[in-house]
Amino acid sequence: MDGKQQLAQGISSESLRHPSSMSSISRLRRFLLPMLAIILLLRGVYDISYRYKFAGPGITHLVPLEAHIISKCPDTRDALRELILPAMQRVYDKVDFKLNYIGTPTADDGVECKHGPSECMGNIIELCARELYPDPKINLGFIMCLTKDYPHIPERALVEDCALEHAIDIRAINECAARDDGAYGMGLLRNSIQRTTDYSKVAREQLTDLRRPMLP
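Just add 100 to the spot in the sequence shown (first one is 1) and you have the working numbering.
Hints should not be assumed to be uniformly reliable.
[What the hints assert, rightly or not] Once the Cα atoms are required to be at most 25 Å apart in a straight line, the calculated DSS-like pairs of lysine-lysine come out as: (1) K214 to K198; (2) K198 to K248; (3) K237 to K198.
[Stated by the list, open to error] Pairwise CB distance ranges (calculated): (4) G216 to E182: 20 to 28 Å; (5) P234 to D208: 25 to 33 Å; (6) D281 to E182: 37 to 45 Å; (7) G282 to T204: 15 to 23 Å.
For the record, the hints were derived by calculation from the structure and aren't laboratory data.
Every residue gets a Cβ at the ideal spot worked out from N, C-alpha and C, and that includes glycine.
Sequences are here, hints too, so could you generate the full structure?
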């Protein structure tokens, strides 16, 4: 079985169930939040495909590729299903793929998340899965399983069901999130948010460059 088939199996078809139909205006609004991350993702896929097309099959190093999300959001569900999974099926063997998270660090070494503390906890659970299971066929499948029922993140029943479906040790996830009275998991989230902040600055600079008129 080749890697593409393994990736497709690792991310179950149940995780890709289409949401109910909605108006085009509502759909457009839902996609505004992660647009910056999507631009980075698609640009990365184009660059990767271009480089490998002309560099040939002998290249062995992996190209970094990231997407930046929040766990309790329909935008994330749709971006995972419609953009990230198709991209990974094309270039999974050429990239070092990571998900990072959007939020705001606070002065007391905490984090504010758009959908409150439960989303922060969901982000930490997903980051722990990424750290413990770096293979995207495992961690991305687990994250997509959670995101399918994003309103219920981080309820224990949902996390346990998705962990069982993707052969993830729920005890290891709990230990990661709770280590050092929660400081370890919070540190993972703060570092991830800082990386997203850094990437956002780069993206804004790139978009500014694209808008500049060409000199004659």
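Hints and how they fare:
Distance restraint check for K214 and K198: the Cα-Cα separation of roughly 21 Å lies within the 25 Å cut-off, and the hinted pair is therefore satisfied. For the given pair, K198 sits about 19 Å from K248 by alpha-carbon distance, which is consistent with the 25 Å threshold. Under the criterion of a C-alpha separation no larger than 25 Å, the hint pairing K237 with K198 is consistent with the structure, at around 12 Å. Between G216 and E182, the C-beta spacing of about 26 Å keeps the proposed range 20 to 28 Å intact.
Checked against the hint of 25 to 33 Å, the pair P234 and D208 passes, with Cβ atoms roughly 31 Å apart. Between D281 and E182, the C-beta spacing of about 39 Å keeps the proposed range 37 to 45 Å intact. One distance hint, 15 to 23 Å for the beta-carbon pair G282 and T204, holds here, with the actual separation near 18 Å.
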